[in-house]
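Asks: These are the residues of each chain, in order.
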Amino acid sequence: GEDVEQSLFLSVREGDSSVINCTYTDSSSTYLYWYKQEPGAGLQLLTYIFSNMDMKQDQRLTVLLNKKDKHLSLRIADTQTGDSAIYFCAARGAGKLIFGQGTTLQVKP
Amino acid sequence: EAQVTQNPRYLITVTGKKLTVTCSQNMNHEYMSWYRQDPGLGLRQIYYSMNVEVTDKGDVPEGYKVSRKEKRNFPLILESPSPNQTSLYFCASIKAGGTDTQYFGPGTRLTVL
Numbered sequence: 001g002e003d004v005e006q007s008l009f010l011s012v013r014e015g016d017s018s019v020i021n022c023t024y025t026d027s028s029s030t031y032l033y034w035y036k037q038e039p040g041a042g043l044q045l046l047t048y049i050f051s052n053m054d055m056k057q058d059q060r061l062t063v064l065l066n067k068k069d070k071h072l073s074l075r076i077a078d079t080q081t082g083d084s085a086i087y088f089c090a091a092r093g094a095g096k097l098i099f100g101q102g103t104t105l106q107v108k109p
Numbered sequence: 001e002a003q004v005t006q007n008p009r010y011l012i013t014v015t016g017k018k019l020t021v022t023c024s025q026n027m028n029h030e031y032m033s034w035y036r037q038d039p040g041l042g043l044r045q046i047y048y049s050m051n052v053e054v055t056d057k058g059d060v061p062e063g064y065k066v067s068r069k070e071k072r073n074f075p076l077i078l079e080s081p082s083p084n085q086t087s088l089y090f091c092a093s094i095k096a097g098g099t100d101t102q103y104f105g106p107g108t109r110l111t112v113l
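Taken in sequence, the protein lines are chains A and B.
My numbering puts the first residue of the first sequence at 1, with every later residue one more than the last.
My numbering puts the first residue of the second sequence at 1, with every later residue one more than the last.
Quick caveat, the hints were computed from the structure, so don't treat them as lab data.
One or more hints might be untrue.
[Unchecked claim] Below, a sample of chain B positions facing chain A; criterion: calculated Cβ distance under 8 Å:
{"hint": "1", "residue": "Asp100"}
{"hint": "2", "residue": "Phe104"}
{"hint": "3", "residue": "Gly105"}
{"hint": "4", "residue": "Pro106"}
{"hint": "5", "residue": "Gly107"}
Ideal placement from N, C-alpha and C gives every residue a C-beta, glycine not left out.
Isolated chain A, as found in the complex:
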């Protein structure tokens, strides 16, 4: 079945760039999403990319999509302590969203 995979943990220093990676299996996914979950809160849509795009930039966030390899990444420039959260990759396929396991981003001062 459809699957979305992420590494579970990433630790960076404040001010560095963070790169969170994701792979997916459904090549027909039309949209791919990044959600952020802060402690004790629900998921908040950060950004999305349409499958015919290679890159999307939104302020400190850059999304890269390699459709051939089914690889998605989220780069956060100048990472701040407020960016500490769990980040979920999700792929739209077969009428529903498939979520990855979530990557916990730890930002050290």
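Based on these hints, arrange chain B on the given structure of chain A.
Replies: Same frame as chain A, but now just chain B:
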């Protein structure tokens, strides 16, 4: 303010005692969905609804029921909760068409003893 609300936010109950978690959205969205979140497993879809009186199973529907009698409400029912249903539950409302953005509720943390 556009939002998805869930109640209760926290619940501790015992095995076998029926419970309902309510979900309501004020955005007039047709699609709604329930997920459970467990460590290392991400979010898994329990049930979803494409419109009033239209519901379907997600990936992990066993032990759950839902109903969609009105567009705004999508309650999750556990007829006989068991400890393996201890989890964090999220309701989502989906703006269909275009990006299909999902709007999530704040979550319900359920503990079944």
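Asks: Which hints from the list above does the structure break, by number from lowest to highest?
Replies: none
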